[in-house]
Structure formats: structure tokens, C-alpha cells
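Could you put the whole structure together from the sequences, leaning on the hints where they help?
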Amino acid sequence: AQKVTQAQTEISVVEKEDVTLDCVYETRDTTYYLFWYKQPPSGELVFLIRRNSFDEQNEISGRYSWNFQKSTSSFNFTITASQVVDSAVYFCALSDYQAGTALIFGKGTTLSVSS
Amino acid sequence: DTEVTQTPKHLVMGMTNKKSLKCEQHMGHRAMYWYKQKAKKPPELMFVYSYEKLSINESVPSRFSPECPNSSLLNLHLHALQPEDSALYLCASSQTEGTGRAGELFFGEGSRLTVL
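Chains as they are written, first to last, in my numbering: chain L, 41 to 155; chain G, 574 to 689.
Using 20 Å as the maximum straight-line C-alpha spacing, the simulated SDA-like pairs for lysine to any residue come out as follows:
#1 K78/L - E682/G
#2 K147/L - D136/L
#3 K613/G - A47/L
#4 K613/G - P80/L
#5 K43/L - Q610/G
Distance ranges between label pairs, derived from CB positions:
#6 V54/L - K613/G: 15 to 25 Å
#7 M588/G - T120/L: 40 to 50 Å
#8 N92/L - Q655/G: 32 to 42 Å
#9 P634/G - P81/L: 26 to 36 Å
#10 K110/L - E576/G: 28 to 38 Å
#11 E625/G - V86/L: 23 to 33 Å
#12 S154/L - M588/G: 37 to 47 Å
Stretches of chain G that chain L covers, calculated by requiring three or more beta carbons in the stretch to come under 8 Å of a beta carbon on chain L:
#13 605–616
#14 678–688
Hints in this document: simulated from the structure, not taken from any laboratory. The beta-carbon is built from N, C-alpha and C at its ideal position, and this holds for glycine as well.
Structure follows, in C-alpha cells:
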């Protein structure tokens with residue numbers, strides 16, 4: 041069965057701190073996709089990144105970086121030098137391509153960045 | 574600005590009312606989705622339309638009735654709802670259903686529904 045676990049319910053940091061959001065997933069398939077979405081207070085879900093199961097390269101995009109480790113079934117997300125605008129709920133999600141199911145979301149991590 | 578537009582942003586309705594939520598995208602996407610999100614919970618898939626045909630219905634009660642009049646529009650008709658149906662309803666689109674699974678979904682800002 042597919043499952044995504046975000047063990048951190050809420051994280052509070054002060055601006056300019058680095059913060060890592062954890063994501064652990066479960067799937068029986070060898071082909072799958074992992075995603076991170078951001079949901080600011082305005083409500084919409086904003087796509088941040090997609091990673092397929094065959095690509096374990098870490099990725100950096102500005103202040104954001106992602107660490108994908110198949111050995112530990114983890115796909116962690118780090119924000120460097122956090123800013124108040126980073127305050128949001130962050131969801132990790134899994135898509136099992138072969139099973140054809142929709143995104144399986146984790147429960148989300150609420151990040152609060154104070155100035 | 575989101576490229577998926579949802580109206581209304583807020584809706585309050587009684588249990589006997591009939592109302593509709595609307596979603597529009599002009600990105601040429603051929604798959605559109607309705608998700609339901611309760612407070613402090615992740616989104617849950619309700620329906621998927623692929624090429625204007627209902628592809629997935631995640632056992633949603635019949636008081637929710639989706640409609641896809643054309644490739645750009647997706648409606649969700651509401652009738653005889655219960656207070657527990659109060660939630661944020663998110664619309665999303667993707668190039669195709671396949672790329673929706675393997676690619677990115679574009680979400681609207683949602684319609685916040687309160688059922689009294």
C-alpha cells in the first residue's frame with residue numbers, strides 16, 4: 041500500500057534559519073513519483089518539485105533543496121535562510137504510475153517563519 | 574496568479590440549497606480534478622475528468638455531482654449537503670490524466686464551502 045508520512049506537524053523558526061521538512065514514503069512499485077507542494081494561507085496548492093524513482097540526484101532551486109534517498113525511502117526538503125513568505129503548509133506526495141492512482145498526500149507540515 | 578480560476582471563493586449554503594462551484598482553466602489541459610480538503614488535513618481526490626469524460630469517482634456521495642461542459646470548464650453541483658461537507662474544494666488541471674500522475678498538477682485557490 042502507498043503511504044506518505046510527514047512526522048513533523050508544525051515547525052517554527054526565525055527568519056534566516058535553515059529548516060528541513062521530512063518526508064518518508066512507502067510503495068511496492070519500482071516506478072513512482074514524489075512531489076512537494078506548498079499551500080500558503082490563500083489556499084491554492086503550489087507545485088514545487090517532482091522527482092521520479094529513477095533519479096536520485098539531489099536538486100537545488102534557489103533557497104530550496106531536496107534530498108531523495110531510496111535506501112531510506114525519504115524525500116526531504118530544506119529551505120535555506122528562511123523568510124516570512126515561506127510560512128505555509130507543505131505537503132509531500134506520492135504517485136504510483138502503474139497503479140494509476142491520484143496523488144497520495146502526507147498530512148502536511150505547517151511551517152511558521154517569524155521575523 | 575493561479576491559472577486555474579475557481580468561483581466563488583466563499584460559499585455559505587443551507588442543507589436544502591442547490592449551488593454550484595465552478596472551475597476554469599485556459600492552459601489547454603485535458604484532465605481536470607476536484608479535491609476536497611478539510612481543515613488541517615491533506616487534499617482528498619473526489620473526481621477526475623479526462624477529455625471531458627468522468628474517469629475516476631472516489632466513491633463520492635451523490636449529493637456531489639460533477640459536470641464537465643467543455644475542456645476548459647469543470648463544475649461541481651451541490652445539493653442537500655451536510656454540515657460535515659464544509660471544506661475547501663480545490664480544482665486542479667493537468668495536461669492529461671497520465672501526466673497528472675507523472676507530472677505537475679495546477680491547482681486553483683479553492684472554494685471555501687460552509688454548510689449550515
